[in-house]
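Chemist: As a plain string of letters, each chain reads:
6 protein chains.
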Amino acid sequence: MPTVKLVDENTTEPRVRAVFDDIKAVRNVEHISAIWRALAANPEHLELCWAQVKAIMKPGVLDMKTKEMIAAAVSITNGCNYCINSHLAAAQKFGLDAEGMRELLAVVGLYNQFNKLVFGLQIEPDVFPKVDA
Amino acid sequence: MPTVKLVDENTTEPRVRAVFDDIKAVRNVEHISAIWRALAANPEHLELCWAQVKAIMKPGVLDMKTKEMIAAAVSITNGCNYCINSHLAAAQKFGLDAEGMRELLAVVGLYNQFNKLVFGLQIEPDVFPKVDA
Amino acid sequence: MPTVKLVDENTTEPRVRAVFDDIKAVRNVEHISAIWRALAANPEHLELCWAQVKAIMKPGVLDMKTKEMIAAAVSITNGCNYCINSHLAAAQKFGLDAEGMRELLAVVGLYNQFNKLVFGLQIEPDVFPKVDA
Amino acid sequence: MPTVKLVDENTTEPRVRAVFDDIKAVRNVEHISAIWRALAANPEHLELCWAQVKAIMKPGVLDMKTKEMIAAAVSITNGCNYCINSHLAAAQKFGLDAEGMRELLAVVGLYNQFNKLVFGLQIEPDVFPKVDA
Amino acid sequence: MPTVKLVDENTTEPRVRAVFDDIKAVRNVEHISAIWRALAANPEHLELCWAQVKAIMKPGVLDMKTKEMIAAAVSITNGCNYCINSHLAAAQKFGLDAEGMRELLAVVGLYNQFNKLVFGLQIEPDVFPKVDA
Amino acid sequence: MPTVKLVDENTTEPRVRAVFDDIKAVRNVEHISAIWRALAANPEHLELCWAQVKAIMKPGVLDMKTKEMIAAAVSITNGCNYCINSHLAAAQKFGLDAEGMRELLAVVGLYNQFNKLVFGLQIEPDVFPKVDA
Numbered sequence: 001m002p003t004v005k006l007v008d009e010n011t012t013e014p015r016v017r018a019v020f021d022d023i024k025a026v027r028n029v030e031h032i033s034a035i036w037r038a039l040a041a042n043p044e045h046l047e048l049c050w051a052q053v054k055a056i057m058k059p060g061v062l063d064m065k066t067k068e069m070i071a072a073a074v075s076i077t078n079g080c081n082y083c084i085n086s087h088l089a090a091a092q093k094f095g096l097d098a099e100g101m102r103e104l105l106a107v108v109g110l111y112n113q114f115n116k117l118v119f120g121l122q123i124e125p126d127v128f129p130k131v132d133a
Numbered sequence: 001m002p003t004v005k006l007v008d009e010n011t012t013e014p015r016v017r018a019v020f021d022d023i024k025a026v027r028n029v030e031h032i033s034a035i036w037r038a039l040a041a042n043p044e045h046l047e048l049c050w051a052q053v054k055a056i057m058k059p060g061v062l063d064m065k066t067k068e069m070i071a072a073a074v075s076i077t078n079g080c081n082y083c084i085n086s087h088l089a090a091a092q093k094f095g096l097d098a099e100g101m102r103e104l105l106a107v108v109g110l111y112n113q114f115n116k117l118v119f120g121l122q123i124e125p126d127v128f129p130k131v132d133a
Numbered sequence: 001m002p003t004v005k006l007v008d009e010n011t012t013e014p015r016v017r018a019v020f021d022d023i024k025a026v027r028n029v030e031h032i033s034a035i036w037r038a039l040a041a042n043p044e045h046l047e048l049c050w051a052q053v054k055a056i057m058k059p060g061v062l063d064m065k066t067k068e069m070i071a072a073a074v075s076i077t078n079g080c081n082y083c084i085n086s087h088l089a090a091a092q093k094f095g096l097d098a099e100g101m102r103e104l105l106a107v108v109g110l111y112n113q114f115n116k117l118v119f120g121l122q123i124e125p126d127v128f129p130k131v132d133a
Numbered sequence: 001m002p003t004v005k006l007v008d009e010n011t012t013e014p015r016v017r018a019v020f021d022d023i024k025a026v027r028n029v030e031h032i033s034a035i036w037r038a039l040a041a042n043p044e045h046l047e048l049c050w051a052q053v054k055a056i057m058k059p060g061v062l063d064m065k066t067k068e069m070i071a072a073a074v075s076i077t078n079g080c081n082y083c084i085n086s087h088l089a090a091a092q093k094f095g096l097d098a099e100g101m102r103e104l105l106a107v108v109g110l111y112n113q114f115n116k117l118v119f120g121l122q123i124e125p126d127v128f129p130k131v132d133a
Numbered sequence: 001m002p003t004v005k006l007v008d009e010n011t012t013e014p015r016v017r018a019v020f021d022d023i024k025a026v027r028n029v030e031h032i033s034a035i036w037r038a039l040a041a042n043p044e045h046l047e048l049c050w051a052q053v054k055a056i057m058k059p060g061v062l063d064m065k066t067k068e069m070i071a072a073a074v075s076i077t078n079g080c081n082y083c084i085n086s087h088l089a090a091a092q093k094f095g096l097d098a099e100g101m102r103e104l105l106a107v108v109g110l111y112n113q114f115n116k117l118v119f120g121l122q123i124e125p126d127v128f129p130k131v132d133a
Numbered sequence: 001m002p003t004v005k006l007v008d009e010n011t012t013e014p015r016v017r018a019v020f021d022d023i024k025a026v027r028n029v030e031h032i033s034a035i036w037r038a039l040a041a042n043p044e045h046l047e048l049c050w051a052q053v054k055a056i057m058k059p060g061v062l063d064m065k066t067k068e069m070i071a072a073a074v075s076i077t078n079g080c081n082y083c084i085n086s087h088l089a090a091a092q093k094f095g096l097d098a099e100g101m102r103e104l105l106a107v108v109g110l111y112n113q114f115n116k117l118v119f120g121l122q123i124e125p126d127v128f129p130k131v132d133a
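These protein sequence lines are chains A, B, C, D, E and F, in that order. Residue numbers for the first sequence follow the working numbering, beginning at 1 and rising by one. Residue numbers for the second sequence follow the working numbering, beginning at 1 and rising by one. Residue numbers for the third sequence follow the working numbering, beginning at 1 and rising by one. Residue numbers for the fourth sequence follow the working numbering, beginning at 1 and rising by one. Residue numbers for the fifth sequence follow the working numbering, beginning at 1 and rising by one. Residue numbers for the sixth sequence follow the working numbering, beginning at 1 and rising by one.
FYI, nobody ran anything at the bench for these hints, they're computed from the structure. Heads up, a few of these hints could be off.
Copies of the same chain look alike in the list, so a pair counts if it works inside one copy or between any two.
No farther apart than 16 Å at their CA atoms in a straight line, the calculated lysine to aspartate or glutamate pairs in the EDC-like style are these [what the hints assert, rightly or not]:
hint: 1; residue 1: LYS24; residue 2: GLU99
hint: 2; residue 1: LYS65; residue 2: GLU47
hint: 3; residue 1: LYS93; residue 2: GLU44
hint: 4; residue 1: LYS54; residue 2: ASP22
hint: 5; residue 1: LYS24; residue 2: ASP8
Quick caveat, the model's predicted, so the values are computed rather than measured.
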């Protein structure tokens, strides 16, 4: 049961309306999902969150399928069902097939295991990413 | 300070030697990193862990760069420095550039935020991934 | 489905009865909530937990509304629905209004994001709290 | 060791410069802390993150001391040393004294315990926050 | 609602059949639980996961009751209901009684508290486990 | 660097002195470890924490070695180095040998993996622990 009242997706509150319309246009969807309707209880927070999603979740060096898979990996690690569903469905929309989804899950499971093995072993990094400008 | 003694990478213990040689061959590396040397304290566990990594971290529907990015996303979420370094460096080796690394980080940060917003809002899934055979 | 049998709130088991009566008196409530009824399966553990809550969750330098908001922030970060509800409801009882609840959620979301950005960036502290006696 | 190169705080890169100057003005600080210098490797991400912090971490229904304590509670739960230091120091700047800091820590510890007790007990919510517009 | 289709436990797919039959034999169970039926969507992953469970979850220096309690402690800390139930039921099958279950829960709760207190206090280790071959 | 000043273990502050002396007597140790010296900044909190540890970490249905292993499993899952060291060293003192320590780590790693696989698969419990009085 949500801890806030979900704002109706046909709301005429101007700040919320603007964001909802932009979500529909940018995402090419007919309905506003629950996360945005819940965040809309706080229009300024809704604007901030949507600005961030709009700027980050667009094709860049990484394509949308990859970004949605990364979002799913984070969400599975944190155990957020709403988010897992949302990002797996989005990754599928961007072309992830059933076999890819299974591989994604296998990688996520594997490194949750290794992360904790490393915690237990308390080993120090011996490899470093290249750091450039 | 590691909680176990790291096994020398020139060990002649047969089960460990076989895994270390296989790691060098499959990964085309000259040195055995600390995680394998630490796991080698338990040869059966070393074999199991390497079998799993070898089977999962090979090119499939998802390529190696993508799999290493997913591993990095998990490791950042869990806060495991050893693993973050290891997977970011590996993703770079498979072609991830500095801009891609920044996008990866932005997505990981963003959805750690959203996962927790959803926890607070307690909304229920309204989108579902396609479930096929 | 609970993994233990909830103890009836009218129980006459002496150790549990004493704690339940103290909870009703201190908290000025008519009913014993599920967490206490579940912990009551282990009367010594119930006593310890209640002693801790009673000592920590009383007005001090921090007032009760603040303490309940901190408890809610922890519970949202950990994704515990029972606890989120409990502490948000308690914070409301102590005066938190709808706008304050939205601000609380925004701060919690924001810093779950920043915590993980910092994990990914692996930066070291450059500011320190004052440490006094 | 950071995974990105920290941008010099005297940088003349225009987008970064604008954010750094705004941070100094809004926060009334002389130096730019490591988190912003690290995020500056990706100017768009820096702008988004600063916009969010600027909008959320201002006095509202909740005052700054309370917001910094909430941020500290989240950071302690996630185990992010950089963030713990940053938010405890900020809360002190806004008036949190040593006794308040101890109370904060006690509440955070207590509810990390209760969150996990509830996970183990698998009890369902019996109290709900008021949900209004 | 599962994100994958659970494979029928009477499947004749050879790789899955072999694992399911081995699970029934090794575990002495009549039915295949949901985790294996879900993992069976990816037969290679199923084989890897079962090989690991079969090798690790057998009596060793630690007996099965102890191993199942450790698994339950991990699962409670992560908040995974399916896993909590599974490992508590298994530990009971291996002899854990109601009092032992309560003690297990108390220890898990206590150290989730202390782990976070230590995060907040940022103290450094002053005791080390013995490290031998 | 600790966020509080560690209280000297020879302190004469009466409430702290009483706890420190009791720790030395009950635990049969010569020195007070950092966690207690840090908690001593808040004598009431120190008393509460020690009362809880003293009551829970005593031999019961579960012996001390088992309880320390459970504490280590929690601490590895949460990534708390101080606590990992403390509980592994304590488990060794109560008889855990090197092989047992490796088995413990293998179980902890394995079920951190399975917990997250279950999150991704979103399967519902099909086994339940027995619930008795």
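Chemist: So, for every hint listed, does it hold in this structure?
Modeler: To see whether the hints hold, each was checked on the structure:
Taking the shortest alpha-carbon separations for LYS24 and GLU99, neither the intra-copy value of 30 Å nor the inter-copy value of 27 Å comes in at or below 16 Å. Taking the shortest alpha-carbon separations for LYS65 and GLU47, neither the intra-copy value of 24 Å nor the inter-copy value of 25 Å comes in at or below 16 Å. In this assembly of identical chains, the alpha carbons of LYS93 and GLU44 never lie at most 16 Å apart, being 29 Å within a copy and 25 Å across copies at closest. For a Cα distance limit of 16 Å, the shortest separation of LYS54 from ASP22 inside one copy, 10 Å, qualifies, whereas the shortest one across copies, 23 Å, does not.
Taking the closest pair of Cα atoms, LYS24 and ASP8 come within 16 Å of each other only inside a single copy of the chain (14 Å); across copies the shortest separation is 40 Å, beyond that limit.
Hints 1, 2 and 3 from the earlier list are contradicted by this structure; the remaining hints agree with it.
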